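Asks: Each chain, letter by letter, is given below.
Protein chains: 2
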Amino acid sequence: MAELVGNLLVAQSGGPTAVINASLAGVVQEAGRFECIEEIYGGSNGILGILNEELIDINDQKAKTIEGLKYTPAAALGTCRYKIDFKKKPEQAARDMDRLFEVFQAHNIRYFFYIGGNDSQDTSHKIHLEALKRNWDMRVIGVPKTIDNDLPHTDSCPGYGSVIKYNAATVMEIGLDVGSMATDDGSCCIVEVMGRSAGWIAAGTVLARNSEAAPPHIILLPEVPFKQDRFLARVKEVVEASGCCIVVVGEGLKNEAGEELGADETRVDAFGHPVLSGAAEALAEIVEGKLGTKTRTVKLGYAQRAAAHFASFTDANNAHACGVAAVKAALEGRSGFMVKIVRGAASNGSTQWSTGLQPLGDIANVEHFIPRDWITEDGFLPNEKFVEYARPLIEGEVKFPLEGGLPKYVTLEHVMIEKKLAPRS
Amino acid sequence: MAELVGNLLVAQSGGPTAVINASLAGVVQEAGRFECIEEIYGGSNGILGILNEELIDINDQKAKTIEGLKYTPAAALGTCRYKIDFKKKPEQAARDMDRLFEVFQAHNIRYFFYIGGNDSQDTSHKIHLEALKRNWDMRVIGVPKTIDNDLPHTDSCPGYGSVIKYNAATVMEIGLDVGSMATDDGSCCIVEVMGRSAGWIAAGTVLARNSEAAPPHIILLPEVPFKQDRFLARVKEVVEASGCCIVVVGEGLKNEAGEELGADETRVDAFGHPVLSGAAEALAEIVEGKLGTKTRTVKLGYAQRAAAHFASFTDANNAHACGVAAVKAALEGRSGFMVKIVRGAASNGSTQWSTGLQPLGDIANVEHFIPRDWITEDGFLPNEKFVEYARPLIEGEVKFPLEGGLPKYVTLEHVMIEKKLAPRS
Numbered sequence: 010m011a012e013l014v015g016n017l018l019v020a021q022s023g024g025p026t027a028v029i030n031a032s033l034a035g036v037v038q039e040a041g042r043f044e045c046i047e048e049i050y051g052g053s054n055g056i057l058g059i060l061n062e063e064l065i066d067i068n069d070q071k072a073k074t075i076e077g078l079k080y081t082p083a084a085a086l087g088t089c090r091y092k093i094d095f096k097k098k099p100e101q102a103a104r105d106m107d108r109l110f111e112v113f114q115a116h117n118i119r120y121f122f123y124i125g126g127n128d129s130q131d132t133s134h135k136i137h138l139e140a141l142k143r144n145w146d147m148r149v150i151g152v153p154k155t156i157d158n159d160l161p162h163t164d165s166c167p168g169y170g171s172v173i174k175y176n177a178a179t180v181m182e183i184g185l186d187v188g189s190m191a192t193d194d195g196s197c198c199i200v201e202v203m204g205r206s207a208g209w210i211a212a213g214t215v216l217a218r219n220s221e222a223a224p225p226h227i228i229l230l231p232e233v234p235f236k237q238d239r240f241l242a243r244v245k246e247v248v249e250a251s252g253c254c255i256v257v258v259g260e261g262l263k264n265e266a267g268e269e270l271g272a273d274e275t276r277v278d279a280f281g282h283p284v285l286s287g288a289a290e291a292l293a294e295i296v297e298g299k300l301g302t303k304t305r306t307v308k309l310g311y312a313q314r315a316a317a318h319f320a321s322f323t324d325a326n327n328a329h330a331c332g333v334a335a336v337k338a339a340l341e342g343r344s345g346f347m348v349k350i351v352r353g354a355a356s357n358g359s360t361q362w363s364t365g366l367q368p369l370g371d372i373a374n375v376e377h378f379i380p381r382d383w384i385t386e387d388g389f390l391p392n393e394k395f396v397e398y399a400r401p402l403i404e405g406e407v408k409f410p411l412e413g414g415l416p417k418y419v420t421l422e423h424v425m426i427e428k429k430l431a432p433r434s
Numbered sequence: 010m011a012e013l014v015g016n017l018l019v020a021q022s023g024g025p026t027a028v029i030n031a032s033l034a035g036v037v038q039e040a041g042r043f044e045c046i047e048e049i050y051g052g053s054n055g056i057l058g059i060l061n062e063e064l065i066d067i068n069d070q071k072a073k074t075i076e077g078l079k080y081t082p083a084a085a086l087g088t089c090r091y092k093i094d095f096k097k098k099p100e101q102a103a104r105d106m107d108r109l110f111e112v113f114q115a116h117n118i119r120y121f122f123y124i125g126g127n128d129s130q131d132t133s134h135k136i137h138l139e140a141l142k143r144n145w146d147m148r149v150i151g152v153p154k155t156i157d158n159d160l161p162h163t164d165s166c167p168g169y170g171s172v173i174k175y176n177a178a179t180v181m182e183i184g185l186d187v188g189s190m191a192t193d194d195g196s197c198c199i200v201e202v203m204g205r206s207a208g209w210i211a212a213g214t215v216l217a218r219n220s221e222a223a224p225p226h227i228i229l230l231p232e233v234p235f236k237q238d239r240f241l242a243r244v245k246e247v248v249e250a251s252g253c254c255i256v257v258v259g260e261g262l263k264n265e266a267g268e269e270l271g272a273d274e275t276r277v278d279a280f281g282h283p284v285l286s287g288a289a290e291a292l293a294e295i296v297e298g299k300l301g302t303k304t305r306t307v308k309l310g311y312a313q314r315a316a317a318h319f320a321s322f323t324d325a326n327n328a329h330a331c332g333v334a335a336v337k338a339a340l341e342g343r344s345g346f347m348v349k350i351v352r353g354a355a356s357n358g359s360t361q362w363s364t365g366l367q368p369l370g371d372i373a374n375v376e377h378f379i380p381r382d383w384i385t386e387d388g389f390l391p392n393e394k395f396v397e398y399a400r401p402l403i404e405g406e407v408k409f410p411l412e413g414g415l416p417k418y419v420t421l422e423h424v425m426i427e428k429k430l431a432p433r434s
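For the record, the sequence lines run as chains A and B. Position one of the first sequence corresponds to residue 10 (our numbering), numbered consecutively onward. Position one of the second sequence corresponds to residue 10 (our numbering), numbered consecutively onward.
Honestly, the hints are just simulated from the structure, not real lab data. In this text the structure is predicted, and so the values were computed from the model without any measurement. Treat the hints with caution; some may be incorrect.
Where chains are identical, the list cannot tell them apart; a pair therefore holds if satisfied intra-copy or between any two copies.
SDA-like mimics (lysine to any residue), calculated; alpha carbons at most 20 Å apart, straight line [claimed, not checked]:
id	residue 1	residue 2
1	97	373
2	417	322
3	417	406
4	73	114
5	417	222
6	142	265
7	236	91
8	236	205
9	417	400
10	408	330
11	408	322
12	417	220
13	337	267
14	303	361
15	408	94
16	428	362
17	417	396
18	429	322
19	96	351
20	142	192
21	98	373
22	303	205
23	92	240
24	92	194
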């Protein structure tokens, strides 16, 4: 195989995570070891910045800053939700593709790594096919990233272990707090977490349960249709037995008609859009209204995916390994693959992690849900099969420096490469 | 002074904090050193459990468990919001007071420590006066506790340093996350924190600001009347300059008419009570409705006061010191005081903490607000005077053991003392 000499471009896409920068560090650190990779560029704000020829000079960064990315949350290169959509906007998509290759060619990009979720793997796949078609010799490898944990073929997705570690600790702490407050008629606390269509994030909080009676008592998963009467009966039962009931719900919980509970059609904003007060608020209204039980809500929102102060070392390590593996695969001549995480067992029984490759064509538009037999029969909690799966993902803590009592995260300066093209039309 | 021989009773009251158990540990560990203190009892669920003669045998606990209280959140003895209210319910209050002294006498309670906020200090004060009146020789000392930081005369309140450390780290992380997501028209994220009448908790997130442009960009304090037009103008300004605007708001934010923003009169529950969707949701509706800026909310709720996984060592240390000081004061013959935290400077310029005593009569029903000259002129942020005050409170991290990637907090078994009285009438 002839050595491919040229520049590398890496970009980040979609919602940030606590460890998406660890994958970036993996790419940059591994790439720095090979002379055939001449320059290392970062796309500013994902594909959007590449279309605008906004490339960040990563060679210019200190090695210490790159190392610091391993514990710094958010997307250091910036991110976007821009989608090259050949189905809905074929003309725009064709123009975008032309433009991307103008940029790749102008900057001699021979290695392209896109760190992201489902949509981004789809984008990487299209770019890979397009490079073949255009006869532009470029290695395209997707690096997985999503707190939603819904990518297929990979054991798990970088970002997921950290979000459930933080959420489980938080639910454990909330459970202790609420459980220690005596009330006459019991109380309920509903914690809303992310996850619009798959229940992986909500399910992960089951790890907080260190005994049969411990919270969370109910986890509402989109995989199990929500039935109000059964839910209320269960809340009542738990409150009577334990004094308080801790409920975890994913933001996208739907009723039996398939409508999101958080959407309140009676309140609209100035543009006539319904105001989404959230699934937890909607459930609290139901519990207080029907049972009269004092109910409080917590909505972790962005806090959960950015919580690098309590990130999983296993997760950060896997995220870094995926970045490293992407570069290794590209240097071996591979293109059109996503790196996947593979779980194995060491001889002492502990979990051993490695990486593999999966064709990008297998990934796009396939969503991975929690198997039904990983959920208790009554549907209110994930069972021991889920716990066995999830437990190793939260092991270990990421160390980070502190200053004045707060985390000291690094900042990747956005030193831009000089543009060579006319502005995007 | 004659040595007072008898039993000790300690109880916890009001909302739990990340460090309220550190104060309990301080009381128990210090009391264990003195022979005149024969038995150490804990009131189960504060004053409520004492009225019901529900006393926990603390002598029976392992020393390791007591030590573990220093890093365990929530109220290990249980807590309540029960108030002995001579103004509104004089007959009930008189009956309660009789009953308390029946319990004190039946169990020879000679040392009484109540760990709590404003209401609890008031209760301690009344018990102290009543003991004098009844000629029951008992030393009563209040131990301060409240994340609200609104007790007067003490430098700060145990629980406050930890809540603002966690909240500031969280806002810093959210700021990085939101700031890294490119959007066409900018975005806004509103983080709702606790604090109904004083703005100390919201103000504390200013510590996340490590540069002039860093989030949080706006902190809405109850000390400054909320004016919607000025708020929207500021959000617009920040979004135009920085791309995103991070707003922190206390749950009790009121409009100019003095009405809580979070109360939505148009939605009522089954009992006709207005549904409190929260200050953040109300503000999000305003920002999205009037500016059309994409806005997301985070409501930290109970998570913030229970977040022992990122508690302040300074705070936990002060909380423990308050417990120790309460016992010392009582053994010196003092009664009718609250322990207060005193700030000093060491010769090397670092902050040096000690404790003092303040008569309980000075504490009750006095609320401590942020001085106006600790807030910027435009009212949108606390200024450097506040930062100078708050910074030392979040220094250091509390170490805690982990198991399987999650905190391993201790459980204080509630081994109950045999009752000697007839049930409370």
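Asks: Have a look at residue 303 and residue 361 and pick one of within, between, both or neither, based on CA distance no larger than 20 Å.
Replies: neither (45 Å within a copy, 42 Å between copies)
Asks: Is it within a copy, between copies, both, or neither that the alpha carbon of residue 408 lies no farther than 20 Å from that of residue 330?
Replies: Within one copy only: 17 Å inside, 29 Å across.
Asks: At 20 Å max between alpha carbons, let me know whether residue 98 reaches residue 373 within a copy, between copies, both or neither.
Replies: within (18 Å within a copy, 67 Å between copies)
Asks: Using 20 Å as the alpha-carbon threshold, which applies to residue 408 and residue 322: within, between, both, or neither?
Replies: both (8 Å within a copy, 17 Å between copies)
Asks: Have a look at residue 303 and residue 205 and pick one of within, between, both or neither, based on CA distance no larger than 20 Å.
Replies: Result: close only across copies, 18 Å inter versus 27 Å intra.
Asks: Can you tell me if residue 428 and residue 362 fall within 20 Å by alpha carbon in one copy, between copies, both or neither?
Replies: Neither, since 41 Å and 57 Å both go past 20 Å.
Asks: For residue 417 and residue 222, with the copy left unspecified, which applies at a CA distance of at most 20 Å: within, between, both, or neither?
Replies: between (38 Å within a copy, 16 Å between copies)
Asks: If the cutoff is 20 Å on CA atoms, where do residue 236 and residue 205 land: within, between, both or neither? Let me know, please.
Replies: Within one copy only: 18 Å inside a chain, 35 Å across chains, cut-off 20 Å.
Asks: Given identical chains, is residue 236 near residue 91, meaning Cα to Cα at most 20 Å, within a copy, between copies, both, or neither?
Replies: Neither: 36 Å inside a chain and 36 Å across chains, both beyond 20 Å.
Asks: Is it within a copy, between copies, both, or neither that the alpha carbon of residue 142 lies no farther than 20 Å from that of residue 265?
Replies: Classified as neither; 46 Å inside a copy, 64 Å across copies.
Asks: State whether the alpha carbon distance between residue 97 and residue 373 is at most 20 Å within one copy, between copies, both, or neither.
Replies: Classified as within; 16 Å inside a copy, 66 Å across copies.
Asks: Check residue 73 against residue 114 for me: Cα-Cα at most 20 Å, and say if that holds within a copy, between copies, both or neither.
Replies: So residue 73 and residue 114 fail the 20 Å test inside a copy (31 Å) and across (66 Å) alike.
Checked against the numbered hints above, the structure violates hints 4, 6, 7, 13, 14, 15, 16, 18, 19, 20 and 23; every other hint is satisfied.
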